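Asks: Each chain, written out:
2 protein chains.
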Amino acid sequence: MIHDAVPPAKSGRRKRRGSGHTERSSEPGQNLHLRVPFITRNIPTYDLLDEGSLEKIEATADRILAEIGIEVREDEETVRLYREAGASVTETAAKAWRVKFEPGMIREILQTAPAEFTQHARNPANNVQIGGKAAVFAPSYGSPFILDADGTRRYGTILDFENLVKLGQSSPWLHHSGGTICEPTDVPVNKRHLDMVYAHMRYSDRGFLGSITAPERAADSIEMCRILFGAEFVDQHCVIMGNFNTTSPLVLDGVTAAGIRTYAAAGQGSIHLPFLLGGAVSPLTMAGSVAQCLAESMSSCALTQLVRPGAPAVLAGFLSSMSLRTGSPTFGTPEPALGSLVMGQLARRINLPLRCAGNFSTSKMPDGQAMQQAMMSMMSAIQGGANYILHSAGFLDGLLSMSYEKFILDSDMCGALHAYMKGMEVNEDTLAFDALAQFGPGEHLFATDHTLRHYQTAYWDSGMNDDQPWETWAEQGKEDSALRANKRWKKILQEFEAPYLDPAIDGALKDFIAQHKASMPDAWY
Amino acid sequence: MIHDAVPPAKSGRRKRRGSGHTERSSEPGQNLHLRVPFITRNIPTYDLLDEGSLEKIEATADRILAEIGIEVREDEETVRLYREAGASVTETAAKAWRVKFEPGMIREILQTAPAEFTQHARNPANNVQIGGKAAVFAPSYGSPFILDADGTRRYGTILDFENLVKLGQSSPWLHHSGGTICEPTDVPVNKRHLDMVYAHMRYSDRGFLGSITAPERAADSIEMCRILFGAEFVDQHCVIMGNFNTTSPLVLDGVTAAGIRTYAAAGQGSIHLPFLLGGAVSPLTMAGSVAQCLAESMSSCALTQLVRPGAPAVLAGFLSSMSLRTGSPTFGTPEPALGSLVMGQLARRINLPLRCAGNFSTSKMPDGQAMQQAMMSMMSAIQGGANYILHSAGFLDGLLSMSYEKFILDSDMCGALHAYMKGMEVNEDTLAFDALAQFGPGEHLFATDHTLRHYQTAYWDSGMNDDQPWETWAEQGKEDSALRANKRWKKILQEFEAPYLDPAIDGALKDFIAQHKASMPDAWY
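Top to bottom, those sequences are chains A and B.
Residues in the first sequence are numbered consecutively from 1, following the UniProt record's numbering.
Residues in the second sequence are numbered consecutively from 1, following the UniProt record's numbering.
Quick caveat, the hints were computed from the structure, so don't treat them as lab data.
Any given hint could be a false lead.
Reference listing, derived: stretches of chain B covered by chain A, where coverage requires no fewer than 3 residues with Cβ under 8 Å from a Cβ of chain A [to be verified]:
1. 61-70
2. 182-193
3. 248-260
4. 297-306
5. 365-374
6. 423-436
DMTMM-like cross-link-like pairs, simulated, lysine to aspartate or glutamate; straight-line CA separation at most 25 Å [said to hold, decoys possible]:
7. B:Lys-487 x A:Asp-150
8. A:Lys-490 x A:Asp-47
9. A:Lys-422 x B:Asp-50
10. B:Lys-422 x A:Asp-47
11. A:Lys-422 x B:Glu-55
12. A:Lys-478 x B:Asp-150
13. B:Lys-100 x A:Glu-428
14. A:Lys-487 x B:Glu-479
15. A:Lys-100 x B:Glu-55
16. A:Lys-491 x A:Glu-27
17. B:Lys-56 x A:Asp-449
18. B:Lys-56 x A:Asp-429
The model shown is predicted, which means the values in this text are computed figures rather than measured ones.
By construction, the Cβ of each residue, glycine as well, lies at the ideal position given by its N, Cα and C atoms.
This is chain A alone, in the form it adopts within the complex:
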């Protein structure tokens, strides 16, 4: 296991911002008291719907699965597994089957799925819990483009990918390295996953997501984990997850189904995500979208338990809306935020971890629109009780683009959410009667014993927001938050030091990648 191989002397060398073990400096944004490998929520969930409404949604999900069913394409093994578990199967076309489930059947199958599990990181201090009261922030996922600060859009490259892994690793407010932070479009499609997984392993010491674009790429991702963690460890522990999209409405395609089976068979985690654009691939009304989301995600989760009971599976929802004047998808809007809150309620009732929402936006700049939309969406994730929050940093342009600047601003916001999720402690000390009594009415509290005792940890200290007086800000050049973020990421990359990796393991990973790359011609589709 790699974590046994980290020499103690080296672990102190890890770069300042990521470790949580540095001393407080005068630099803004330290907040050492808030640093954790993942958040343990200390605030209640915000429960939007009452019991009766939730039951109606669940009954609709059951009815969708029983009366309409899902269509499985191409993957006969998945069809066999569902049929064996009791589903009714009808072949509707060549390599396409309609699979229907009696009400309650999927929930029964899901009894073996863990309500909470650990994803192990190569640095065990960065292991994360997925489920229960845990919340894990991971960068955005899947954008083909990079949007530069001036609004120029260009294709992402492997250099961008590595940069973004480094930025993630450098933020104390993210907990997980994510997956396809951007598409490295300069690497052949059939070899991309090797470079991506390697970048996560080399430049981050946190958990990450593996490839899902083909079953053999999923297998490669897991094989690389065996090199990093040891094969035995991987068989017994979750060290990687795959993020799988259903093909909404109500289709599970063959590549996805086979990928899910690959992760589950290896005992690794999988996330089961319907990407629901309301009006296009799901109903326009949020109650219907949520019912469909539950039906699709839970039937996909169930597949993992048919492959390997106990394999970690994560219920998921990506709810979005559209501009009904233009047909454009919209993100960071109010209705999906409400839907995410309800997905939280449903996940707790079915006792599965949840991935939901993130820092969504349709803006093409890291501007006011971007951060307002992001915040509305992100609040729904954390208040709704989402456990794994992908798209926590960098999301712009309706997920078509990754932004370095928004990555920085979002990460800082994730820090603020650490303070938010700590909740409010109420005890004699925090009630602070003595603080008011010490000097009495009309007197400042700066010098009270209570203030002196608490001043270092009382409030979130943003590393990005400018709270200075206007005069100081103006003297310093009137920078807006986008420009500050632009300077910040450049500085972070300049100062980045990769976390220690045993050279023997690094060599083995490189050999594996070289062999695999040599074994096949480049493919660009």
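Here the structure of chain A is known, so what remains is to put chain B in place on it, guided by the hints.
Replies: Chain B in isolation, oriented as in the chain A frame:
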């Protein structure tokens, strides 16, 4: 009463964006189905603390009032009223009295205060409910400066004030004209209130706040309402409110106390706001800040009931934090957001309407920081159940500055919150089983009967956010949201038509102002 004097033919002439009675056009941001004179919340409140913690906070507030007490300065009549009601009073200095209240006494006095009341507007269609499930958005209040889009800061003028009243009136997502939208620093201090109240009466037909900077200015504000609404109507209805700040910690100064008495005696509304900068004038720990907030606000509210039982009084809280490295106040931060949620719980327990939070920010630009901070703060207001939300539009620079651009962006966000507060309807139609069944797995829902039935009202349509594809946005000049907002407010002011006002009443108001201005020399303090 002025609303009887509005000729029906003229009311159709009111400008497009404010009335809610126009036809849907292809212009973005219409959302006719969401337009209301005020929001009636259809989402649950987000209750952060359990019963036991709330009781501890209430007990601490009671203990503050009983053992430390509040200091009343200069206003003997207020001291007399508190003493007569049973408070213990000790003169501690010349014109300064320590007033202590036995636990439960303030709550007993507040029994006569209405849990909910109507503030009447000159256009009765714009009357607002304050309390219960109602939420009312009003512009920011009290900034001496205007921050222009390029970061230039300058003093506000009466022209700015009028412009901002017009912008507020033009937004369907604000419900109330507010008060001192910016300080009109070019008008003498002792005459400013006349021009401000007139601007609200002339350029808006919504409710507004009157002057509180001196008892005679409060009286003038109410007298102008008697001209506008008729004296008898004013005696029987709330048509104006004053927003009063306690002098934290735990002081009620003479001007404020006399102003509160003036509004209450006239049967008009008053808001009782401790402006609590944690660490400076309240404890750093939020539980203590909230306890102090409750103690100060409820004892101030109680004064109104001693003057005129049944007078409308609004509990209030303005919770903020500070940068503990620099001592700068910070706004839009996580801890005060939690505090605002708890203030909501406390207000419901004491059965009073609540003013709390708003679109707070310390940014000096309408940038990502501004909107992220604003959203975090604003969500706490609406989830916490605040009823009157001042500072809903325009707040920058820690309240030192008003921004036209942020006013526009915030107002649009207030629109999104209309959709959010509608909540999620769950019924057979919204569950939309038939929509999925109509074409089945793998088929788009664009053409389903369900989509066609709902597409006009399903989602919030922002009037400011750019949801277009990057290509279109780039062709149109790559504008960020601040630049769009800059263009928007200029267009709105250009097209503004003031709501109809009976010329006889307008003349009487102008006479009143002229007489009062002539009766005293200019004063600039």
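Asks: Would you mind marking each hint as holding or not holding in the structure?
Replies: Taking the hints in turn, this is what the structure says about them:
A count of 6 residues in the segment 61-70 of chain B with a Cβ less than 8 Å from any Cβ of chain A is obtained; the coverage claim is therefore met, three being the minimum. Restraint check on the segment 182-193 of chain B versus chain A: 0 residues with Cβ-Cβ distances below 8 Å, three needed, restraint violated. Counting residues of the segment 248-260 of chain B whose CB falls under 8 Å from any CB of chain A gives 3; the rule of at least 3 is met. Taking a C-beta to C-beta cut-off of 8 Å, the segment 297-306 of chain B contributes 0 residues in contact with chain A, too few for the three needed, and the coverage statement is violated.
A count of 10 residues in the segment 365-374 of chain B with a Cβ less than 8 Å from any Cβ of chain A is obtained; the coverage claim is therefore met, three being the minimum. For a cut-off of 8 Å, the count of residues in the segment 423-436 of chain B with a CB near a CB of chain A stands at 12, and the three-residue condition holds. A distance of roughly 20 Å separates the Cα atoms of Lys-487 of chain B and Asp-150 of chain A; the hinted pair therefore holds under the 25 Å criterion. At most 25 Å may separate the alpha-carbon atoms for a hinted pair to count; Lys-490 of chain A and Asp-47 of chain A exceed this at roughly 41 Å.
Taking the CA atoms of Lys-422 of chain A and Asp-50 of chain B, the gap is near 15 Å; set against the 25 Å cutoff, the hint holds. Proximity of Lys-422 of chain B to Asp-47 of chain A is assessed by CA-CA distance (about 15 Å); at most 25 Å being required, the pair is judged to hold. Restraint check for Lys-422 of chain A and Glu-55 of chain B: the C-alpha separation of about 20 Å stays at or below 25 Å, so the hint holds. The hinted pair formed by Lys-478 of chain A and Asp-150 of chain B meets the criterion: a straight-line CA distance of about 8 Å does not exceed 25 Å.
Taking the CA atoms of Lys-100 of chain B and Glu-428 of chain A, the gap is about 22 Å. The hint holds against a cut of 25 Å. For the hint linking Lys-487 of chain A to Glu-479 of chain B, the alpha-carbon distance of about 21 Å falls within 25 Å, and the restraint holds. The suggested pairing of Lys-100 of chain A with Glu-55 of chain B is violated, with an alpha-carbon distance near 52 Å, which exceeds 25 Å. A C-alpha spacing of about 14 Å is found between Lys-491 of chain A and Glu-27 of chain A, which places the hinted pair at or below 25 Å, so the restraint holds.
Between Lys-56 of chain B and Asp-449 of chain A the alpha-carbon distance is near 21 Å, which keeps this suggested pair within the 25 Å criterion. Taking the CA atoms of Lys-56 of chain B and Asp-429 of chain A, the gap is about 12 Å. The hint holds against a cut of 25 Å.
Hint check: violations occur at hints 2, 4, 8 and 15; the rest are consistent with the structure.
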